[in-house]
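Here is what each chain is made of, one letter per residue.
Protein chains: 4
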Amino acid sequence: MKAVDRIKIRGFHVDAFRHVNHARYVEFFEDGRWAYAELNQHVGDLFTRLQKKGIVHMIVNINIDYKKGAVVGDTLRIETDLMKAGSKSYVMSQKAFIGETDTPAAEAEMTNVFVDRKAEKVIEINEEIMSGWPELAGLLREG
Amino acid sequence: MKAVDRIKIRGFHVDAFRHVNHARYVEFFEDGRWAYAELNQHVGDLFTRLQKKGIVHMIVNINIDYKKGAVVGDTLRIETDLMKAGSKSYVMSQKAFIGETDTPAAEAEMTNVFVDRKAEKVIEINEEIMSGWPELAGLLREG
Amino acid sequence: MKAVDRIKIRGFHVDAFRHVNHARYVEFFEDGRWAYAELNQHVGDLFTRLQKKGIVHMIVNINIDYKKGAVVGDTLRIETDLMKAGSKSYVMSQKAFIGETDTPAAEAEMTNVFVDRKAEKVIEINEEIMSGWPELAGLLREG
Amino acid sequence: MKAVDRIKIRGFHVDAFRHVNHARYVEFFEDGRWAYAELNQHVGDLFTRLQKKGIVHMIVNINIDYKKGAVVGDTLRIETDLMKAGSKSYVMSQKAFIGETDTPAAEAEMTNVFVDRKAEKVIEINEEIMSGWPELAGLLREG
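Chains as they are written, first to last, in our numbering: chain S, 120 to 262; chain E, 120 to 262; chain L, 120 to 262; chain A, 120 to 262.
If you're looking for bench data, these hints aren't it; they were derived computationally from the structure. The structure displayed is predicted, hence computed values, not measured ones. Hints are supplied without guarantee of correctness; some may be wrong.
Remember, identical chains collapse to one label, so a pair may be satisfied in a single copy or spanning two.
Derived BS3-like pairs: lysine-lysine, alpha-carbon spacing no greater than 30 Å straight-line [to be verified]:
{"id": "1", "residue 1": "K237", "residue 2": "K203"}
{"id": "2", "residue 1": "K121", "residue 2": "K237"}
{"id": "3", "residue 1": "K172", "residue 2": "K240"}
{"id": "4", "residue 1": "K186", "residue 2": "K203"}
{"id": "5", "residue 1": "K237", "residue 2": "K172"}
{"id": "6", "residue 1": "K186", "residue 2": "K172"}
{"id": "7", "residue 1": "K240", "residue 2": "K186"}
{"id": "8", "residue 1": "K127", "residue 2": "K186"}
{"id": "9", "residue 1": "K171", "residue 2": "K207"}
{"id": "10", "residue 1": "K237", "residue 2": "K127"}
{"id": "11", "residue 1": "K172", "residue 2": "K203"}
{"id": "12", "residue 1": "K121", "residue 2": "K203"}
{"id": "13", "residue 1": "K237", "residue 2": "K171"}
{"id": "14", "residue 1": "K186", "residue 2": "K121"}
{"id": "15", "residue 1": "K127", "residue 2": "K187"}
{"id": "16", "residue 1": "K187", "residue 2": "K203"}
Generate coordinates for the entire structure from the input sequences, incorporating the hints supplied.
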């Protein structure tokens, strides 16, 4: 299920152009992905189980379109959802809207993989992952 | 000319995974683009002249591949250069190498446009820009 | 009135020691002071009126005691209130508690002054400020 | 020996007031303390030896006076030195000067203790610490 969180823009979020600095969106979106794993508790639980086996999810690519500068006093509404999946990766779609409007300040696709930390290798999206994250399995079957 | 700067990784740069946090690279790369405009003084001068006319360069897309986690004690070598150009945008290529090796921690393409702040519109890359930034003009002619 | 806001600790907030990094508290406390000016609308309004005259409030000293490391998954409860006042400065007291407990992660006193930006001089806390911020006037009368 | 490092101020360092944001100084000063432990290699070595025994140095108080706003294009010169010592703590003095002038942007005193991580207790500054860090021993003897 899509996660939604809101961040109130303060003086320390903006830069010399008085717009929210580019790097801050990366933090806001990271916050959004944690919010997604909390809202979709089965995903959070899956991450915990995998981590105990030394398997962690990692970002391998971030791709952000900056659309409109947000300013002090704006509230950004961060929407995060699973978007697509391949045999070895999945993509989270994340959007930062200004207030309660449909005007995006930024839109991102974040590509993740699962890594076996001991082997230092990306693993395939396997049965355990698919049974723990049905939405991901669904996208893979469709894909 | 390619700009090179170096950043020593400290405790505050890394996150819960003890790797440099994703958002920090966006800052390191911003630092690299400022370094590029300083090294290539004609570009810095062009930006200053344009700004006086209300024309600023703005990032519209960042696309970063994360390759290898950098840790406390590493020095990241940030290399920044102009990579390609279209009629309304240009792309800076930026790489963060670990120490003096050829092992990239992250590689990025940063797409920029010039915006007329009053009109709030992206402008074409015009004669003034091309004569002030010959490397950009060269890529446009080739392109 | 005391302002209370809450921040969920994420991976990007912590550093090599897996505790919330010192600099982040400075941001959390800045967020808390903005929250105070929103909750106490007469204070926010005063700041706006003063700013139109070129008078801004500025931090001149921050003094933070770090008590206990907060970790990923904790929620910090930031409490912010006016604490004391002198003829030319006032102090905000700020505490970051872990969750809903009385265990402080950090406690701060933030000293502020009002600056006339044109004259580049600190001004006295005058009638306008005192009538716009009765709590501050009360502390001054007591003091 | 006093450590000196320099940081070039970029757009992402400043906030809505176009001055370097308060939290950034905490990072710059953290950078300065790492630089101190590198320059004074015997101190860095001591920290490493202690850490192997589960003893880490930790900041318990930061006290920063903000003197003058630094802006984009400034270079801050961060000077860091050991300042004083007690039986259970030591204080690093840190100053951020604007460029090569004697004008401080900010001045800080950072109080540190040594903590036994297993016992979760502050330890006394003992023989091992004093023999590994003669400057600290000197201040204690004077003290």
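Going through the hints against the structure:
For the identical chains of this complex, K237 and K203 are intra-copy neighbours only, at 27 Å inside a copy versus 39 Å across copies, given an alpha-carbon limit of 30 Å. For the homomeric pair K121 and K237, neither the shortest alpha-carbon distance inside one copy (32 Å) nor that between copies (37 Å) is at most 30 Å. For the homomeric pair K172 and K240, the shortest alpha-carbon distance inside one copy (14 Å) is at most 30 Å, but the shortest distance between copies (32 Å) is not. Proximity of K186 and K203 under a CA criterion of 30 Å is satisfied in both settings, with 22 Å inside one chain copy and 21 Å between copies.
Within a single copy, K237 and K172 get their C-alpha atoms as close as 10 Å, and across copies as close as 26 Å, so both meet the 30 Å cut-off. Taking the shortest Cα distances, K186 and K172 sit within 30 Å of each other only across copies (22 Å), while inside one copy they are farther apart (40 Å). Proximity of K240 to K186 under the C-alpha cut-off of 30 Å is restricted to the inter-copy arrangement: shortest distance 12 Å between copies versus 35 Å within a copy. When the C-alpha separation of K127 and K186 is checked against a cutoff of 30 Å, the pair qualifies both within a copy, at 18 Å, and between copies, at 27 Å.
Taking identical chains as interchangeable, the C-alpha atoms of K171 and K207 lie at most 30 Å apart only when both belong to the same chain, with a minimum of 20 Å there against 38 Å between chains. Taking the shortest alpha-carbon separations for K237 and K127, only the inter-copy value of 26 Å comes in at or below 30 Å, while the best intra-copy value is 40 Å. In the homo-oligomer, the alpha carbons of K172 and K203 lie at most 30 Å apart inside one protomer (25 Å), although the nearest pairing across protomers, at 44 Å, exceeds that limit. Proximity of K121 to K203 under the C-alpha cut-off of 30 Å is restricted to the intra-copy arrangement: shortest distance 13 Å within a copy versus 36 Å between copies.
Taking the closest pair of Cα atoms, K237 and K171 come within 30 Å of each other both inside a single copy (12 Å) and across two copies (23 Å). Proximity of K186 and K121 under a CA criterion of 30 Å is satisfied in both settings, with 21 Å inside one chain copy and 28 Å between copies. In this assembly of identical chains, the alpha carbons of K127 and K187 lie at most 30 Å apart whether taken from the same copy (16 Å) or from different copies (26 Å). When the C-alpha separation of K187 and K203 is checked against a cutoff of 30 Å, the pair qualifies both within a copy, at 25 Å, and between copies, at 24 Å.
The structure fails to meet hint 2 from the earlier list, while all remaining hints are met.
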